[in-house]
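Enquirer: Take the given structure of chain D and dock chain W to it, following the hints.
First to last, the protein sequences are chains D and W.
In terms of our numbering, the first sequence is residues 1 to 114.
In terms of our numbering, the second sequence is residues 1 to 108.
Source of the hints: derived by calculation from the structure; they are not laboratory data.
Some hints here could point you the wrong way.
DSBU-like cross-link-like pairs, simulated, lysine-lysine; straight-line CA separation at most 35 Å [said to hold, decoys possible]: (1) W:Lys-69 <-> W:Lys-26; (2) D:Lys-19 <-> D:Lys-9; (3) D:Lys-22 <-> W:Lys-26; (4) W:Lys-107 <-> D:Lys-19; (5) W:Lys-69 <-> D:Lys-9; (6) D:Lys-41 <-> W:Lys-70; (7) D:Lys-9 <-> W:Lys-107; (8) W:Lys-69 <-> D:Lys-38; (9) D:Lys-18 <-> W:Lys-69; (10) D:Lys-53 <-> W:Lys-70; (11) D:Lys-19 <-> W:Lys-69; (12) D:Lys-53 <-> W:Lys-26; (13) W:Lys-26 <-> D:Lys-38; (14) W:Lys-69 <-> D:Lys-40; (15) W:Lys-70 <-> D:Lys-38; (16) D:Lys-53 <-> D:Lys-9; (17) D:Lys-9 <-> W:Lys-26; (18) W:Lys-70 <-> D:Lys-18; (19) D:Lys-40 <-> W:Lys-70; (20) W:Lys-95 <-> D:Lys-9; (21) W:Lys-95 <-> D:Lys-53; (22) D:Lys-38 <-> W:Lys-56; (23) W:Lys-107 <-> D:Lys-41; (24) W:Lys-107 <-> D:Lys-38; (25) W:Lys-26 <-> W:Lys-107; (26) D:Lys-18 <-> W:Lys-107; (27) D:Lys-53 <-> W:Lys-107; (28) D:Lys-53 <-> D:Lys-41; (29) W:Lys-56 <-> D:Lys-19; (30) W:Lys-56 <-> D:Lys-18; (31) D:Lys-19 <-> D:Lys-38; (32) W:Lys-69 <-> D:Lys-41; (33) W:Lys-26 <-> D:Lys-40; (34) W:Lys-69 <-> D:Lys-22.
Single-letter residue listing:
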Amino acid sequence: DTEVTQTPKHLVMGMTNKKSLKCEQHMGHRAMYWYKQKAKKPPELMFVYSYEKLSINESVPSRFSPECPNSSLLNLHLHALQPEDSALYLCASSQDLADRVGLFFGSGTQLSVL
Amino acid sequence: SQQGEEDPQALSIQEGENATMNCSYKTSINNLQWYRQNSGRGLVHLILIRSNEREKHSGRLRVTLDTSKKSSSLLITASRAADTASYFCGAAGNKLTFGGGTRVLVKP
Numbered sequence: 001d002t003e004v005t006q007t008p009k010h011l012v013m014g015m016t017n018k019k020s021l022k023c024e025q026h027m028g029h030r031a032m033y034w035y036k037q038k039a040k041k042p043p044e045l046m047f048v049y050s051y052e053k054l055s056i057n058e059s060v061p062s063r064f065s066p067e068c069p070n071s072s073l074l075n076l077h078l079h080a081l082q083p084e085d086s087a088l089y090l091c092a093s094s095q096d097l098a099d100r101v102g103l104f105f106g107s108g109t110q111l112s113v114l
Numbered sequence: 001s002q003q004g005e006e007d008p009q010a011l012s013i014q015e016g017e018n019a020t021m022n023c024s025y026k027t028s029i030n031n032l033q034w035y036r037q038n039s040g041r042g043l044v045h046l047i048l049i050r051s052n053e054r055e056k057h058s059g060r061l062r063v064t065l066d067t068s069k070k071s072s073s074l075l076i077t078a079s080r081a082a083d084t085a086s087y088f089c090g091a092a093g094n095k096l097t098f099g100g101g102t103r104v105l106v107k108p
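Bound-form chain D, shown alone (with noise of 0.2 Å):
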């Protein structure tokens, strides 16, 4: 299995709404990422776990909340949203760091912020 398995793949959330991004890995691999990433614009780095510890968070509001509950899965909890917000969010996995190896994306959630 090389695949990195993201959830919903299209969520609709109002602004007071609570809701779950989950992202799940079966290769292995030990290092897990969130990107968010507008219409035709990069990625930009969210979020970075290495053994299910958060390595990495490229000063991201509270209002996201990313949980790692084994070396398999990633969520990112969403509370409090706002329009801005809406984006492709992307999760990645890696067997190493980025800055030995390349990584495994997922076909990503398209989030809508009402």
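Expert: Positioned in the frame of chain D, the structure of chain W alone reads:
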């Protein structure tokens, strides 16, 4: 913040022609990676070149890296309609950050 820029921002070629795109980055790196993205979906890793390498080939892809100029290029030879996508370079220091991307259209 973005690591650097890609050039050109968009490229339109005929099937069978070669496509060349360039990437510049700002900080020191361990490697430089190229990815393809179709229609706003997930990125697909194409090739990784390490900082001590100058050129690398993979199938129809050729990547060069000039660390003195902090730049890299990706050449796709004998392009196909299926190569139509956005291409991003990723500069990997202590984290992987992406350039602005090049949108490539290959016309049949």
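Enquirer: Each hint: holds or not?
Expert: Hint check:
A C-alpha spacing of about 10 Å is found between W:Lys-69 and W:Lys-26, which places the hinted pair at or below 35 Å, so the restraint holds. The straight-line distance between the Cα atoms of D:Lys-19 and D:Lys-9 is roughly 13 Å, inside the 35 Å bound, and the hint therefore holds. Proposed proximity of D:Lys-22 and W:Lys-26 is supported: the alpha carbons are some 33 Å apart, at most 35 Å. With a C-alpha separation of about 41 Å, the suggested pair W:Lys-107 and D:Lys-19 falls outside the 35 Å cut-off, and the hint is violated.
Taken as a hint, the W:Lys-69 and D:Lys-9 pair is broken in the structure, with Cα atoms around 40 Å apart against an allowance of 35 Å. With a C-alpha separation of about 21 Å, the suggested pair D:Lys-41 and W:Lys-70 falls inside the 35 Å cut-off, and the hint holds. Using a Cα cut-off of 35 Å, the hinted pair D:Lys-9 and W:Lys-107 holds, with the two alpha carbons roughly 30 Å apart. Only pairs whose Cα atoms come within 35 Å are accepted, and W:Lys-69 paired with D:Lys-38 is accepted, the gap being roughly 29 Å.
Taken as a hint, the D:Lys-18 and W:Lys-69 pair is broken in the structure, with Cα atoms around 46 Å apart against an allowance of 35 Å. Only pairs whose Cα atoms come within 35 Å are accepted, and D:Lys-53 paired with W:Lys-70 is accepted, the gap being roughly 32 Å. About 44 Å separates the Cα atoms of D:Lys-19 and W:Lys-69, which puts this hinted pair outside 35 Å; it is violated. A C-alpha spacing of about 28 Å is found between D:Lys-53 and W:Lys-26, which places the hinted pair at or below 35 Å, so the restraint holds.
Proximity of W:Lys-26 to D:Lys-38 is assessed by CA-CA distance (about 22 Å); at most 35 Å being required, the pair is judged to hold. Pair hint W:Lys-69 plus D:Lys-40 holds up; C-alpha atoms about 26 Å apart against a cutoff of 35 Å. The straight-line distance between the Cα atoms of W:Lys-70 and D:Lys-38 is roughly 26 Å, inside the 35 Å bound, and the hint therefore holds. Only pairs whose Cα atoms come within 35 Å are accepted, and D:Lys-53 paired with D:Lys-9 is accepted, the gap being roughly 26 Å.
The straight-line distance between the Cα atoms of D:Lys-9 and W:Lys-26 is roughly 34 Å, inside the 35 Å bound, and the hint therefore holds. With a C-alpha separation of about 43 Å, the suggested pairing of W:Lys-70 with D:Lys-18 is violated against the 35 Å cut-off. Distance hint between D:Lys-40 and W:Lys-70 is fulfilled; the C-alpha atoms sit about 24 Å from each other, no more than 35 Å. Annotation: proposed proximity of W:Lys-95 to D:Lys-9 holds, straight-line Cα distance about 26 Å (limit 35 Å).
Between W:Lys-95 and D:Lys-53 the CA atoms are separated by roughly 15 Å; this keeps the pair inside 35 Å, and the hint holds. Annotation: proposed proximity of D:Lys-38 to W:Lys-56 holds, straight-line Cα distance about 31 Å (limit 35 Å). Between W:Lys-107 and D:Lys-41 the alpha-carbon distance is near 23 Å, which keeps this suggested pair within the 35 Å criterion. For the hint pairing W:Lys-107 with D:Lys-38, the CA-to-CA distance comes to about 26 Å; that is within 35 Å, so the pair holds.
Under the criterion of a C-alpha separation no larger than 35 Å, the hint pairing W:Lys-26 with W:Lys-107 is consistent with the structure, at around 33 Å. Distance hint between D:Lys-18 and W:Lys-107 is unfulfilled; the C-alpha atoms sit about 44 Å from each other, more than 35 Å. A threshold of 35 Å between alpha carbons decides the hint, and for D:Lys-53 with W:Lys-107 the separation of about 46 Å lies outside it, so the pair is violated. A C-alpha spacing of about 28 Å is found between D:Lys-53 and D:Lys-41, which places the hinted pair at or below 35 Å, so the restraint holds.
The straight-line distance between the Cα atoms of W:Lys-56 and D:Lys-19 is roughly 43 Å, outside the 35 Å bound, and the hint therefore fails. Between W:Lys-56 and D:Lys-18 the CA atoms are separated by roughly 46 Å; this puts the pair beyond 35 Å, and the hint is violated. With a CA separation close to 19 Å, the supplied pair D:Lys-19 and D:Lys-38 stays within the 35 Å bound. With a CA separation close to 24 Å, the supplied pair W:Lys-69 and D:Lys-41 stays within the 35 Å bound.
In summary, the hint linking W:Lys-26 to D:Lys-40 is supported, as the alpha carbons are separated by about 21 Å, within the 35 Å threshold. Of the supplied pair hints, the one linking W:Lys-69 and D:Lys-22 is violated, its CA atoms being roughly 40 Å apart against a limit of 35 Å.
When each numbered hint is compared with the structure, violations occur for hints 4, 5, 9, 11, 18, 26, 27, 29, 30 and 34.
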